[in-house]
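Starting from the given sequences, assemble the full structure and let the hints guide the process.
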Amino acid sequence: MSIPSRAYRIVLRLLVVAGLFAGTFLLFLRYQCLLGGYPGVYGGSCYKRRNYVSNDLETYTRKPYNPPPHVEVVMVSTPREQAAGTTDWMSNSSFAEMTGLPKTHVEVKKYVAGDKSAEYHPRFNKGHEVSTYLSYIVENYDQLPDIVLFIHAEDNAWHVEPLLLGSLSYALTRLDLDQVRARGFVNLRVGWRGGCPYGINMTGTNNGKLVGQEAPYMYQAWIENFAPLDKTAYFSVPEVVAAPCCSQFAVTRETIQSKPKAQYERSLMWLQQTSLPDYISGRVWERLFQFLFAGRARDCPDERKTYCTLYKLCLDAEQWEEYKAAEEEDADLRLALPSVWSVVWKLQVTRRLAHLGSTMRRLRQLALIQGQKGEMTFHILSAAVISLILGGAAKAAVIASRQDLINVKLCPHENMEGDCWFIDVNECTNVHEHMNDLVSSFDTGERLCTFFERENCGGHSYTARGERKTLPKDFNDQISSLKCNLGP
Numbered sequence: 001m002s003i004p005s006r007a008y009r010i011v012l013r014l015l016v017v018a019g020l021f022a023g024t025f026l027l028f029l030r031y032q033c034l035l036g037g038y039p040g041v042y043g044g045s046c047y048k049r050r051n052y053v054s055n056d057l058e059t060y061t062r063k064p065y066n067p068p069p070h071v072e073v074v075m076v077s078t079p080r081e082q083a084a085g086t087t088d089w090m091s092n093s094s095f096a097e098m099t100g101l102p103k104t105h106v107e108v109k110k111y112v113a114g115d116k117s118a119e120y121h122p123r124f125n126k127g128h129e130v131s132t133y134l135s136y137i138v139e140n141y142d143q144l145p146d147i148v149l150f151i152h153a154e155d156n157a158w159h160v161e162p163l164l165l166g167s168l169s170y171a172l173t174r175l176d177l178d179q180v181r182a183r184g185f186v187n188l189r190v191g192w193r194g195g196c197p198y199g200i201n202m203t204g205t206n207n208g209k210l211v212g213q214e215a216p217y218m219y220q221a222w223i224e225n226f227a228p229l230d231k232t233a234y235f236s237v238p239e240v241v242a243a244p245c246c247s248q249f250a251v252t253r254e255t256i257q258s259k260p261k262a263q264y265e266r267s268l269m270w271l272q273q274t275s276l277p278d279y280i281s282g283r284v285w286e287r288l289f290q291f292l293f294a295g296r297a298r299d300c301p302d303e304r305k306t307y308c309t310l311y312k313l314c315l316d317a318e319q320w321e322e323y324k325a326a327e328e329e330d331a332d333l334r335l336a337l338p339s340v341w342s343v344v345w346k347l348q349v350t351r352r353l354a355h356l357g358s359t360m361r362r363l364r365q366l367a368l369i370q371g372q373k374g375e376m377t378f379h380i381l382s383a384a385v386i387s388l389i390l391g392g393a394a395k396a397a398v399i400a401s402r403q404d405l406i407n408v409k410l411c412p413h414e415n416m417e418g419d420c421w422f423i424d425v426n427e428c429t430n431v432h433e434h435m436n437d438l439v440s441s442f443d444t445g446e447r448l449c450t451f452f453e454r455e456n457c458g459g460h461s462y463t464a465r466g467e468r469k470t471l472p473k474d475f476n477d478q479i480s481s482l483k484c485n486l487g488p
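Heads up, the sequence shown stops at 488 in my numbering, and the numbers go up one at a time, no gaps.
Quick caveat, the hints were computed from the structure, so don't treat them as lab data. There's no promise every hint is true.
As the list claims (entries may be wrong) - Cross-link-like lysine-lysine pairs, in silico, PhoX-like; alpha carbons within 20 Å at most:
id	residue 1	residue 2
1	Lys63	Lys103
2	Lys346	Lys373
3	Lys373	Lys63
4	Lys305	Lys373
What the hints assert, rightly or not - The calculated label-pair distances, taken between Cβ atoms and stated as ranges, are:
id	residue 1	residue 2	range
5	Pro102	Gln143	15 to 21 Å
6	Gln143	Lys373	39 to 45 Å
7	Pro67	Lys259	23 to 29 Å
The beta carbon of each residue, even a glycine, is placed where N, CA and C say it ideally should be.
Printed below as a string of structure tokens:
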């Protein structure tokens with residue numbers, strides 16, 4: 001029986017309308033990055049395009065590095081990634097542009113695991129990125145650059161957090177290499193999810209905390225890599241190892257060479273000889289890199305403060321709590337979906353994800369604005385301040401960052417060279433956003449009003465040549481009591 005022409009036209013129109021509606025809805029989901037392209041879950045570049053605010057806000061003017069460090073990038077890739085052009089986003093010129101370094105100070109080395117004919121390749125292919133990282137160190141131990149970045153091939157991958165647009169190239173444009181030089185070892189991932197603060201208990205009892213497939217092998221792996229070769233020597237195995245995930249980090253030459261070359265050769269040999277599968281041996285080392293380089297079993301720096309100091313994305317404590325709650329709920333909802341297409345029929349989840357995404361974008365824009373303010377650093381020359389800290393009378397410079405004043409840098413010379421001192425005052429001391437046009441140099445003995453606000457936060461601490469020391473509890477009062485003397 002044939003369908004009447006009028007009824008046929010009605011059905012056809014309904015199908016067209018339904019198709020247009022479905023297509024519009026799918027485009028909306030894609031625009032919201034609800035169909036893939038989400039950092040931390042699916043990967044892809046959608047999230048970066050959707051959440052990029054503007055060139056004015058996303059780009060900050062770096063203060064010149066003095067002196068600019070020499071940096072090498074060790075990128076791990078596979079033959080398939082090389083053939084697909086996955087690594088094309090990284091080159092000497094693009095990395096120099098990302099970091100603001102002279103092209104003469106950068107070199108990108110793209111290692112191809114499993115391809116002995118490649119210009120750069122590890123001695124063997126095992127443990128995912130680990131064999132490449134250790135091969136590079138062993139082969140270049142005596143001619144290392146100032147800083148080495150160890151990274152993966154993909155730009156847009158789940159290893160990079162939403163606050164950094166899920167983009168490694170974007171993260172590198174904001175990375176503060178002065179912080180890397182000051183710390184010696186910096187994990188490029190800030191977020192604690194999947195790695196901190198509990199980590200893996202190497203005693204075998206995790207008490208319901210983080211457990212991975214590598215957990216049963218951690219204790220023996222630590223002994224075989226780090227226990228003294230002298231069987232009679234005393235040693236203790238850390239109870240817990242914890243760090244942000246994903247084996248991408250920056251390390252200084254001094255930090256690498258603080259361990260003898262024999263340590264890296266020993267670990268490379270262990271990797272080659274271990275019976276552990278490739279995936280497990282790589283996961284084991286993902287938990288051990290912070291101990292190898294920094295000597296810390298647990299390396300879980302505060303997320304909020306690290307985003308601000310390392311990437312200039314700054315939120316206060318209340319703003320951070322709101323952002324973190326939205327980010328965690330967003331990730332949990334996505335991970336709980338049976339498939340990425342589930343958002344098509346789970347409209348309640350779709351609406352909630354859209355709301356959370358709006359919250360994260362709003363707070364991320366605020367972090368950019370506040371981070372830009374933090375880059376408006378000011379230099380203060382004050383013999384009085386230095387005498388409080390160093391006990392001497394000399395010219396000095398102070399660099400303060402944003403209203404939360406994450407750290408202050410004190411140096412004995414105006415060019416910020418020499419034995420510099422970093423004062424970590426966290427949120428205890430604030431600095432007025434408008435510092436006025438202060439005189440840039442003062443004679444020894446002159447005093448300068450530094451506009452510190454007084455708060456009762458007890459004794460502060462600062463780092464000097466790697467040692468923790470304590471400032472006087474009345475440090476704020478002493479600073480606040482300084483009188484401005486702008487005349488001769």
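Under the constraints set out in the numbered hints, which ones does this structure not fulfil? 2
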